[in-house]
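Just need the whole structure built from these sequences, with the hints factored in.
Just so you know, the sequence shown maps onto residues 62 to 353 in my numbering.
A hint or two may mislead.
[Claimed, not checked] Derived pair list, reagent style SDA-like, types lysine to any residue, alpha-carbon separation capped at 20 Å: (1) Lys124 with Gly242; (2) Lys124 with Arg72; (3) Lys319 with Leu329; (4) Lys316 with Asn266; (5) Lys319 with Asn266; (6) Lys124 with Thr136; (7) Lys124 with His236; (8) Lys319 with Phe276; (9) Lys316 with Leu329; (10) Lys316 with Gln283.
[What the hints assert, rightly or not] Okay, the calculated beta carbon distance ranges per label pair: (11) Arg82 with Val339: 22 to 30 Å; (12) Arg294 with Ser123: 41 to 49 Å; (13) Pro144 with Asn121: 22 to 30 Å; (14) Ser271 with Arg158: 45 to 53 Å; (15) Gly120 with Pro290: 36 to 44 Å.
If you are wondering where the hints come from, they were derived from the structure by calculation, not from laboratory data. Beta carbons: idealized from backbone N, C-alpha and C, even for Gly.
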Amino acid sequence: MCVESAAAIDRGYRWCRALARSHYENFPVASWLLPRRLRDPVAAIYAFARSADDIADEGNLSKPQRLERLAVMETMLQATGAPRPPLYLALADAIERHQLALAPFHDLLSACRRDLETTRYANFGELMDYCRCSANPVGRLLLQLTGNASARNIALSDAVCSALQLINFLQDIDHDYHHNGRIYLPQDEMRRFGVTERDIAESRNSPQLSRLFHFQLQRAAQLLRSGSPLGRRLGGRFGFELRIVILSAARVIEKLHKQQDIFSAPRLHGFDRIRIMVAACRPGMRHSPDRR
62 MCVESAAAID RGYRWCRALA RSHYENFPVA SWLLPRRLRD PVAAIYAFAR SADDIADEGN
122 LSKPQRLERL AVMETMLQAT GAPRPPLYLA LADAIERHQL ALAPFHDLLS ACRRDLETTR
182 YANFGELMDY CRCSANPVGR LLLQLTGNAS ARNIALSDAV CSALQLINFL QDIDHDYHHN
242 GRIYLPQDEM RRFGVTERDI AESRNSPQLS RLFHFQLQRA AQLLRSGSPL GRRLGGRFGF
302 ELRIVILSAA RVIEKLHKQQ DIFSAPRLHG FDRIRIMVAA CRPGMRHSPD RR
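Spelled out as structure tokens, the structure:
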């Protein structure tokens, strides 16, 4: 590899790391907890997913313009030669070095296109199919990156990632509706609990919406619990970071259970993170995401 190419790739990774640092997340991304050799490829994966999400969600572009930009991202995934934007220089290097499959990246783009086409989900099955493309690919890529992509680990990872996505939906009900016109609560369950779109539009903390919210939260907690053994199966610093993610999600669930305003989004603070890190260091990590 020529010096210029190495320098360009390094600039690409720096761009990805800067993007990762610029977005607040309740769950760690490419943090110092990871082995140094993994931080850059994880930052590149995150930057790709974040960039696609921003195309689908942010700014004032029209729907055709957003779809066109997502199509460009799809093309750039397999593009070779110069010139390429920093993201794709870093991503191509990560894919080549770590033999990452392209299918999960295509799934992420598929989820973003679905966000532009679909704003309501008839039932929980449809919502989980969305999670299969929007969240699970990231976990699968990380397992590939660390050489842990066994069938059992993938199944556990899918459960954790889908739970994280459901938790994000429950944190962002107000934003998703008013900013993007989307509702990620199953329509059949809204009817069953007596919740209308007007309740969401007017940010009503009604008893009906509270019951539906906690039903969804309990489901996310159960899904997180079913995938949590992955945090004990994987060793080293990657396993430690995964335990941090799982415990962070459990703590967010606890906060969501306790808060009175369904339309506010809890954040993790310094004391939360200290507690989580201490718990992640203990043998036989435990969490209680369904605590009220």
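Structure-based check of all given hints:
1. Only pairs whose Cα atoms come within 20 Å are accepted, and Lys124 paired with Gly242 is accepted, the gap being roughly 13 Å.
2. Distance restraint check for Lys124 and Arg72: the Cα-Cα separation of roughly 31 Å exceeds the 20 Å cut-off, and the hinted pair is therefore not satisfied.
3. Distance restraint check for Lys319 and Leu329: the Cα-Cα separation of roughly 14 Å lies within the 20 Å cut-off, and the hinted pair is therefore satisfied.
4. Taking the CA atoms of Lys316 and Asn266, the gap is about 16 Å. The hint holds against a cut of 20 Å.
5. Taking the CA atoms of Lys319 and Asn266, the gap is near 14 Å; set against the 20 Å cutoff, the hint holds.
6. With a C-alpha separation of about 19 Å, the suggested pair Lys124 and Thr136 falls inside the 20 Å cut-off, and the hint holds.
7. For the hint pairing Lys124 with His236, the CA-to-CA distance comes to about 19 Å; that is within 20 Å, so the pair holds.
8. In summary, the hint linking Lys319 to Phe276 is supported, as the alpha carbons are separated by about 14 Å, within the 20 Å threshold.
9. For the given pair, Lys316 sits about 9 Å from Leu329 by alpha-carbon distance, which is consistent with the 20 Å threshold.
10. A threshold of 20 Å between alpha carbons decides the hint, and for Lys316 with Gln283 the separation of about 16 Å falls inside it, so the pair holds.
11. The supplied range of 22 to 30 Å is met by Arg82 and Val339, whose beta-carbon atoms lie about 24 Å from each other.
12. Range check, Arg294 to Ser123: Cβ separation about 45 Å, and the 41 to 49 Å hint holds.
13. The hinted range of 22 to 30 Å is satisfied by Pro144 and Asn121, whose Cβ atoms lie roughly 27 Å apart.
14. A C-beta distance of roughly 49 Å is found between Ser271 and Arg158, which places it inside the suggested range of 45 to 53 Å.
15. The hint said 36 to 44 Å for the Cβ distance between Gly120 and Pro290, and at roughly 40 Å that hint holds.
In this structure, the one hint that does not hold is number 2.
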